[in-house]
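Peer 1: The primary structure of each chain is shown beneath.
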Amino acid sequence: MPQFQQTAFFLPQIFWLVVTFITLYFLMAKVALPKIGAVLDERQRKIDDNLDKAAQLKAEAEAAVAAYEKALAESRAHAHAVIKEASERLAKQAEDRTRELNAKLNDQIKAGETRIAAAKEKAMASVREVATEIAGAAVSRLIGASADQGQIDVAVAAALKEQG
Amino acid sequence: MAEKHSPMQQFEIHALPGLDFHIGGLNVSFTQSALMMVIAVALITALLTLSVRSRALVPGRWQSLAEVLYEFVAGMLRDNVGQEGRPYFPFIFTLFMFVLFGNLLGLIPYGFAFTSHVVVTFAMAAVVFVGVTIIGFARHGLHFLRMFFPHGAPLLTAFILIPIELISYFSRPFSLAIRLFANMTVGHIILFVMGGFVVSLGGFYILPGIVPFAFLSAITVLEIGIALLQAYVFTILSCIYLHDAIHMH
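Line order of the protein sequences matches chains A and B.
Count the first sequence with the numbering used here and you get residues 1 to 164, in order.
Count the second sequence with the numbering used here and you get residues 1001 to 1249, in order.
One should not assume that every hint holds.
Simulated coverage check for chain B against chain A, where a stretch passes if three residues somewhere in it have a Cβ under 8 Å from a Cβ of chain A [claimed, not checked]:
id: 1; segment: 1027-1039
id: 2; segment: 1058-1071
id: 3; segment: 1113-1122
id: 4; segment: 1138-1151
id: 5; segment: 1174-1184
Since the hints were derived computationally from the structure, they do not count as laboratory data.
These numbers were taken from a predicted model, which means no experiment stands behind them.
Note that the Cβ used here is the ideal one computed from N, Cα and C, for glycine as well.
So here's chain A without its partners, still in its complex pose (with noise of 0.2 Å):
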């Protein structure tokens, strides 16, 4: 096998070995690796602030999204209060309303009442009157002579006191 017998050859490998290997270190270590790993970290960078930036951003949309309900619910309640508002005032008129009705209508009741009342007794006197013209009228036809007036008008009351 020449790797174990050309011994004259030993030296010179491992001299080119250790020069190219020394060489290819401090290119790698001062040129190549830095640059890549500037590169890598670059990317990193940039996807890591893309993130930030994207939770950022979904943070303020929820935050929107909140203030967005929170003006909705806002205005739902204030609008519930505004209804509830008006319909109790709306009720409270109709009540009012109601009961100056039902007192005016009370009131009409009431007039209509006295005013029967009075057309009543006065179709009850001229009732008396009539009747006692009629008693009287009667009386004089039946025994030829006018009757006692007195007599008749206490014979009528007692009628219509039977009468109710």
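Add chain B to chain A, keeping to what the hints say.
Peer 2: Leaving out everything else, chain B in the frame of chain A:
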């Protein structure tokens, strides 16, 4: 070895014409192995610097490749060593890329896998072994010797456990070096033999040449897989040794 078409001939090292340097009597000839190391360094550097020149946010093909290699090795180091392994990342990355390209360049026609030479793999394994041992002693002082006698083991077992632990510790560079070198060597021998079958049988008749050619194609794919896998294995074992030195089991 003297025979012209030995499968071993491909592993012979020779200085490139006119480049057989000597410094103070020491042979530092520029060989085809050294040429491949230089090509590997040039290719790795070009791949990893030109590809990220545009610093694109959305990477193209080459930049993706560079990033994948970076993250692959970084992930390997992070998973096996943790945060303390961070300072050794350039070394581990260099090791991975160097072994990977050493393996892959051998699969290109007229190429040469410098990782098929045990001197090279052993030199790298020795650097890892010595480095890891130094890191271990630097972090834990003499307490690092506890590595060779696990906590909680009965004291009586010490005379068995300590030699076993010592042997397993000191065999690390050999297993690391020989695994890579043997895999590469065997792969290239198989490729050479299969290639020989293709030529000899294909020259005889077209049809019987197709069978070894199909086999050779499959083996080539397998060898690419092995080239990747062995670079990974070499690196991950280095990471595991580093983990032992830093965390002591």
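Peer 1: Can the segment 1058-1071 of chain B be counted as covered by chain A under the rule of three residues or more with Cβ-Cβ separation shorter than 8 Å?
Peer 2: holds (count 6)
Peer 1: For the segment 1113-1122 of chain B, does the count of residues with a C-beta closer than 8 Å to a C-beta of chain A reach 3?
Peer 2: Since three or more residues must qualify, the claim that chain A covers the segment 1113-1122 of chain B holds, with 6 doing so at under 8 Å.
Peer 1: In terms of beta carbon proximity below 8 Å, does the segment 1138-1151 of chain B have 3 or more residues touching chain A?
Peer 2: With 0 residues close enough to chain A, the hint is violated.
Peer 1: Counting residues of the segment 1174-1184 of chain B that have a beta-carbon nearer than 8 Å to any beta-carbon of chain A, does the count reach 3?
Peer 2: With 1 residues closer than 8 Å to chain A, the segment 1174-1184 of chain B misses the three-residue bar; violated.
Peer 1: Go check the segment 1027-1039 of chain B versus chain A for me, would you? Three or more residues, Cβ under 8 Å, otherwise it fails.
Peer 2: holds (count 9)
In terms of the numbered hints stated before, the structure departs from hints 4, 5, listed from lowest to highest.
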